[in-house]
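There are 2 protein chains.
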Amino acid sequence: MKTPLIDNLQYANWSQTIFRQMRAGGVDAVHITIAYHESFREMVLNLEAFNRWFERFPELIFKGTCAADVRLAQSTGRTAIFFGFQNPSPIEDDIGLVEICHQLGVRFMQLTYNNQSLLATGCYEDDDTGLTRMGKQVVQEMNRVGMVVDMSHSADRSTLEAIEHSSRPIAITHANPHWWHPALRNKSDDVLKALTGRGGMLGFSVYPHHLKDGPACTLQSFCEMVAEAASRYGAEHLGIGTDLCQDQPDSIVEWMRVGRWSKMIDYGEGSATDAGFPPMPSWFQDNRDFGNISQGLLDVGFSEDEMDGIMGGNWFKFYDSSFGPET
Amino acid sequence: MKTPLIDNLQYANWSQTIFRQMRAGGVDAVHITIAYHESFREMVLNLEAFNRWFERFPELIFKGTCAADVRLAQSTGRTAIFFGFQNPSPIEDDIGLVEICHQLGVRFMQLTYNNQSLLATGCYEDDDTGLTRMGKQVVQEMNRVGMVVDMSHSADRSTLEAIEHSSRPIAITHANPHWWHPALRNKSDDVLKALTGRGGMLGFSVYPHHLKDGPACTLQSFCEMVAEAASRYGAEHLGIGTDLCQDQPDSIVEWMRVGRWSKMIDYGEGSATDAGFPPMPSWFQDNRDFGNISQGLLDVGFSEDEMDGIMGGNWFKFYDSSFGPET
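Chains as they are written, first to last, in the numbering used here: chain E, 1 to 327; chain G, 1 to 327.
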């Protein structure tokens, strides 16, 4: 069977249109964000909403929980949807909710979303105190049940400690190297070396604030960055996590940034004059544009096999070894 | 493989001792009550507590979600634990929680626990208005996902309407015929005929308030009642649902009766002078005593096959056709 095409991070304003675009783009699996700042009960409401999508469009999408579901998606011409949290807020202060969320299908959880959490320090805090007491125990519990630690929005020390403390490889599902574009959200060479050195995965983001030259970033520049990352970390540890936030109103990016933790506006990666969602680069507008990235990777010298791995094969192997109980 | 032994209702004060008694008694599967009056979040705490039991005693018990798990229990010498609610309180006013609870492993839900609920009328209310608007839709949703409607604590009209409205057979998991012992919780001949006429199952209770002569009820009287029920309704629709509440303090039966819906004491099936849990009959004290019932059924004239069916084979078939999505 063909190597699957996997996008390991999207948070769109879901619609039949987007699900059809996934099919048109040949996307076999997508890891989608089901919670940012939600409590457990609020997150369950989001799961319920997705259950309605699954009920309404069974010919387009279904809930994925294991690597075999990616194969099922390929053989039935559908897209498997995997769930993840960008913040540990849904597990509240209750370690037992890790397993409950895993039973509900959640397969990735960020230990922080920009801020300090109960588990670790986010990348926007002044000081990073690493994994908390609860954080260490939650990582162990995530390892046990098969939920992937995601440090995309975490600060460096916390990320390094998560890599070290986790008995299983972890992920940075959506970020780029800091050496290419020095955004606060992009990751240092040390972090990426430690991550991939322990079998972890990096998903490259196409979100303009993570791109050199923002929305004007060229496909060639993006793909040359991927090539340099492959030479530093090994192509087998690389994948895609576009961070596509298609069709979201600007009120959503504000909510992502301030949730209910602040009474003030926080522009996050934006600014007062650039407060909303930035426009996506011309070569990646929606799920139908993955072919551009595939071709771009071939054009900068990747082999077909390497390109297939980066476009989904590497995430597929990672899913296969990550989502079941620890052995 | 041998016909499995299944008890389709217990609510014990769980302990290693009880799990070991299940093994000693050769009990392959037990449907246990995971919620009486709990909200969704509170019920999830109960699931978490059971996840800890599964983690601590994997050699004794595991979570069952389908009939194949009963076979797995038999082949690995363990007991499969199936979850159910005695009240729809965990789904709150949210029909989407039916599927979420099913995803968490819940396989039975009573539409009422003695009182009026959002879905139907309980057996202790003065007037029975049948299925509510939400009740009809929830039955349909339970049918869709594969969660069994249980009317053990419901009033007659509501029960008859649930049987009629449900597209799949329903259950009365723990009650006895009213013609044998006219307790408010026991079921009329009309209800039992309608239930079994549509393929539904009745689980016989050994809870003393449901027994003729209470704790003094003889095994012979109990088994003669089963024989009469078999002649009226067909042995293939009969099973066991002991309602064993082993090792529970009396505070629990008070909580079962009044939850937080009342500020007054309600003695339910008991009385001011008999307020606690009644003593169990001598021939059924715990999970090691199912052999007494099997022998008692043979002694009143059941064939080995009929006895095997009543002791678990009938529930096994019912599980097999009930727990998956509607086809």
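Some hints could be false.
Each pair may be met inside one copy or between any two copies, as identical chains are not told apart.
Unchecked claim - Using 20 Å as the maximum straight-line C-alpha spacing, the simulated SDA-like pairs for lysine to any residue come out as follows:
#: 1; residue 1: 2; residue 2: 57
#: 2; residue 1: 63; residue 2: 96
#: 3; residue 1: 193; residue 2: 127
#: 4; residue 1: 2; residue 2: 325
#: 5; residue 1: 263; residue 2: 17
#: 6; residue 1: 317; residue 2: 249
#: 7; residue 1: 136; residue 2: 23
#: 8; residue 1: 193; residue 2: 156
Hints were generated in silico from the structure; no laboratory data involved.
Consistency of the hints with the structure:
In this homomeric assembly, residue 2 and residue 57 never come within 20 Å of each other (Cα to Cα): the closest approach is 24 Å inside a single copy and 42 Å across copies. Taking the shortest alpha-carbon separations for residue 63 and residue 96, only the inter-copy value of 16 Å comes in at or below 20 Å, while the best intra-copy value is 23 Å. In this assembly of identical chains, residue 193 and residue 127 lie within 20 Å of each other by CA distance neither inside one copy nor across copies; the values are 22 Å within and 70 Å between. Neither within a single protomer nor between protomers do residue 2 and residue 325 lie at most 20 Å apart by alpha-carbon distance, with minima of 27 Å and 30 Å respectively.
Taking the shortest Cα distances, residue 263 and residue 17 never come within 20 Å of each other, neither inside one copy (35 Å) nor across copies (53 Å). For a Cα distance limit of 20 Å, the shortest separation of residue 317 from residue 249 qualifies neither inside one copy, at 35 Å, nor across copies, at 51 Å. Taking identical chains as interchangeable, the C-alpha atoms of residue 136 and residue 23 are never at most 20 Å apart, the minima being 39 Å within one chain and 36 Å between chains. For the identical chains of this complex, residue 193 and residue 156 are intra-copy neighbours only, at 12 Å inside a copy versus 68 Å across copies, given an alpha-carbon limit of 20 Å.
The structure shown violates the earlier hints numbered 1, 3, 4, 5, 6, 7.
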